[in-house]
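Number of protein chains: 2
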Amino acid sequence: MNKFVRNLLTEWRRLGLPFEDETMIIAVSGGADSVSLAVALDDLAKRKKLNLNFIIAHFNHNLRGAESESDAEFVKDLAGKLKFEFAGGTPDPKSPIQNQKGNLEQNARSARYKFLGQVAKKHNAFGVLTAHTQNDQAETLLFNLIRGSGLEGLGGMRSVRDFEIIEKFQIQNSKFKIIRPLLNWVQRKDTESFCLENKVRFRQDTMNDDLKFSRVRIRKEIIPLLQKLNPRVIETLAKTAKLLSEDAEELSNISQNNSGNITQKSLKAHSKSMRLRVLRDWLKRHRGDLRQIDLKHLEGIERLIFSRKSGQLIELPDGEKVIKREGKIVFENSRVEKS
Amino acid sequence: MNKFVRNLLTEWRRLGLPFEDETMIIAVSGGADSVSLAVALDDLAKRKKLNLNFIIAHFNHNLRGAESESDAEFVKDLAGKLKFEFAGGTPDPKSPIQNQKGNLEQNARSARYKFLGQVAKKHNAFGVLTAHTQNDQAETLLFNLIRGSGLEGLGGMRSVRDFEIIEKFQIQNSKFKIIRPLLNWVQRKDTESFCLENKVRFRQDTMNDDLKFSRVRIRKEIIPLLQKLNPRVIETLAKTAKLLSEDAEELSNISQNNSGNITQKSLKAHSKSMRLRVLRDWLKRHRGDLRQIDLKHLEGIERLIFSRKSGQLIELPDGEKVIKREGKIVFENSRVEKS
Chain V
12 MNKFVRNLLT EWRRLGLPFE DETMIIAVSG GADSVSLAVA LDDLAKRKKL
62 NLNFIIAHFN HNLRGAESES DAEFVKDLAG KLKFEFAGGT PDPKSPIQNQ
112 KGNLEQNARS ARYKFLGQVA KKHNAFGVLT AHTQNDQAET LLFNLIRGSG
162 LEGLGGMRSV RDFEIIEKFQ IQNSKFKIIR PLLNWVQRKD TESFCLENKV
212 RFRQDTMNDD LKFSRVRIRK EIIPLLQKLN PRVIETLAKT AKLLSEDAEE
262 LSNISQNNSG NITQKSLKAH SKSMRLRVLR DWLKRHRGDL RQIDLKHLEG
312 IERLIFSRKS GQLIELPDGE KVIKREGKIV FENSRVEKS
Chain A
12 MNKFVRNLLT EWRRLGLPFE DETMIIAVSG GADSVSLAVA LDDLAKRKKL
62 NLNFIIAHFN HNLRGAESES DAEFVKDLAG KLKFEFAGGT PDPKSPIQNQ
112 KGNLEQNARS ARYKFLGQVA KKHNAFGVLT AHTQNDQAET LLFNLIRGSG
162 LEGLGGMRSV RDFEIIEKFQ IQNSKFKIIR PLLNWVQRKD TESFCLENKV
212 RFRQDTMNDD LKFSRVRIRK EIIPLLQKLN PRVIETLAKT AKLLSEDAEE
262 LSNISQNNSG NITQKSLKAH SKSMRLRVLR DWLKRHRGDL RQIDLKHLEG
312 IERLIFSRKS GQLIELPDGE KVIKREGKIV FENSRVEKS
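Line by line, the protein sequences give chains V and A. The first sequence: position 242 = 253 (my numbering), numbered continuously. The second sequence: position 26 = 37 (my numbering), numbered continuously.
Honestly, the hints are just simulated from the structure, not real lab data. Each hint should be verified, as a subset may be incorrect.
Since the list gives no way to pick one copy over another, a pair counts as held whenever it fits inside one copy or between any two copies.
Below, in silico cross-link-like pairs of lysine-lysine (PhoX-like), each with a Cα-Cα straight-line distance of 20 Å or less [unchecked claim]:
no.: 1; residue 1: K307; residue 2: K283
no.: 2; residue 1: K210; residue 2: K200
no.: 3; residue 1: K223; residue 2: K239
no.: 4; residue 1: K239; residue 2: K307
no.: 5; residue 1: K200; residue 2: K14
no.: 6; residue 1: K186; residue 2: K133
This one's a predicted model, so the numbers in the text were calculated from it and none came from an experiment.
Given only the sequences and the hints, what does the whole structure look like? Please build it.
What follows is the structure, encoded as structure tokens:
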């Protein structure tokens, strides 16, 4: 058995994933990472190591015209060759991603995950498999470090977590998982080698070279400089993220007992870092997620609580507000649904 | 009062530092940061805001020939102008820094701190003031992130801590502090402006431009790239470091209760991150500090504990060893004193 395939099986076991009688959605963009994941899972299926129903899902963001179309065709062909069912998706034609407000990368990601969630729900899947690697983890850590997100953000992605569908700003904890079986041990160079060794073609996303995206700058400019100081920096950062996410979890257990009812008095008892953690938990509880939230918002809420004037407010992204009323902070969601 | 001077006084108060009847050593290299600190403290002394005995200390590392000499002269002159006592130091002529084994920057730092500790001890000082800024804090965070040091290292430097003298590999907790009154609010550009506004000259250290040093690469190459993604990244990283150091402290309180007697069983009860933290505390207790220790050493000790073979050992920098004997780990310091 190929080493990559063997290691995938080892990680599958380590993560406690099922070996039979379940449906798994594989999210495939057509790049080397996701193609490797699909091909290696097919190998394990052929060897009867995994007896699962795999479905390849591809979301065509429609951001690159003909290139997007060929990617979708390519992934559909791959699914055909592997004899996996194929599920394709595109954005709502009434709301193309490039016309949406806010950050293009984040909007594309939201639309993609919404689609993956729908596919998983429809097929009553155990989970959605994504091909994130140590490189993605290292980039996530750096991305969050640069924007100032604190310990939670530095912890990056988790290998297995509940898939949360964000619909109309309420979170429904669904029964399926998001699973990243390459996150802990694979680097981008490994998946490219795997494809080359196995004579499997993969696609290059030209948006991966567009320096107007922060992620691309981190990948193409910042990480190569870090590698001059530590040639194994990707592995180092990915391991650091994992440790920091465990640290965050320990602290989160303490914080969650304190984020129900926030007053000036209850916050004063904590260190600044624990105060921000409690506020983060409080905000997540009311808002559903922490997207686009950074340190300056949390510090704003902290100042709001400790200021003597009442009736003041802090504006959050997307028109949400935190208001102080009678010494307590209140979350107000004034995002208006478009009819 | 100049804004810089006023803010220094505010921070002085916030840190709970004494206003009279104490001796304070100011560590001055001659660069803009330390010259600003000395000049601003002199201003506060002249305004009778601080009634302290200031001594300017300068350590000439003797690494840059005539340039080093002129820096030392420059700082001595500055002390004369401010009417502060001056204490100069140089490395032991029998052991010049450039001939010492190991990392040049670390050896220079050790020699400098040893000197500062001696000056503080001699004058029975309250503390040693250093002029580290948010830039230094941001660089420390990045330096530690790149080498893989976990939450503790990412927390960077503290504004006030006990000064530990490392002498013959034993730590004597001394009665004086190391104090960094610029760390939380000053950036390098602020000290340069302060010097220019006040028509005070300062020196440029040519080693600050030498890209063979990791610190210089971080400062000159990496941070400018990060600033393209977040123009306020220095402030962001410095604030992040502060929050992370508070997080580390919360977790450290939990860990320290567990690092006395390490066995396989006691470690197994923890998450990986807490295991490493317990090992780090254990190592610090035996070794005095964690210099040159990174993730791979800690993971080595972890593997040692969990491996079934006994008699194995992990080598640490400077010839120290961790050995497993009868299920327990033992620290062995085989660093040999040169006669």
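Evaluation of the provided hints:
no. : hint        : result
1   : K307 - K283 : within (14 Å within a copy, 31 Å between copies)
2   : K210 - K200 : within (15 Å within a copy, 54 Å between copies)
3   : K223 - K239 : between (24 Å within a copy, 11 Å between copies)
4   : K239 - K307 : between (32 Å within a copy, 19 Å between copies)
5   : K200 - K14  : within (14 Å within a copy, 52 Å between copies)
6   : K186 - K133 : within (12 Å within a copy, 68 Å between copies)
Going through the hint list in order, the structure satisfies each hint without exception.
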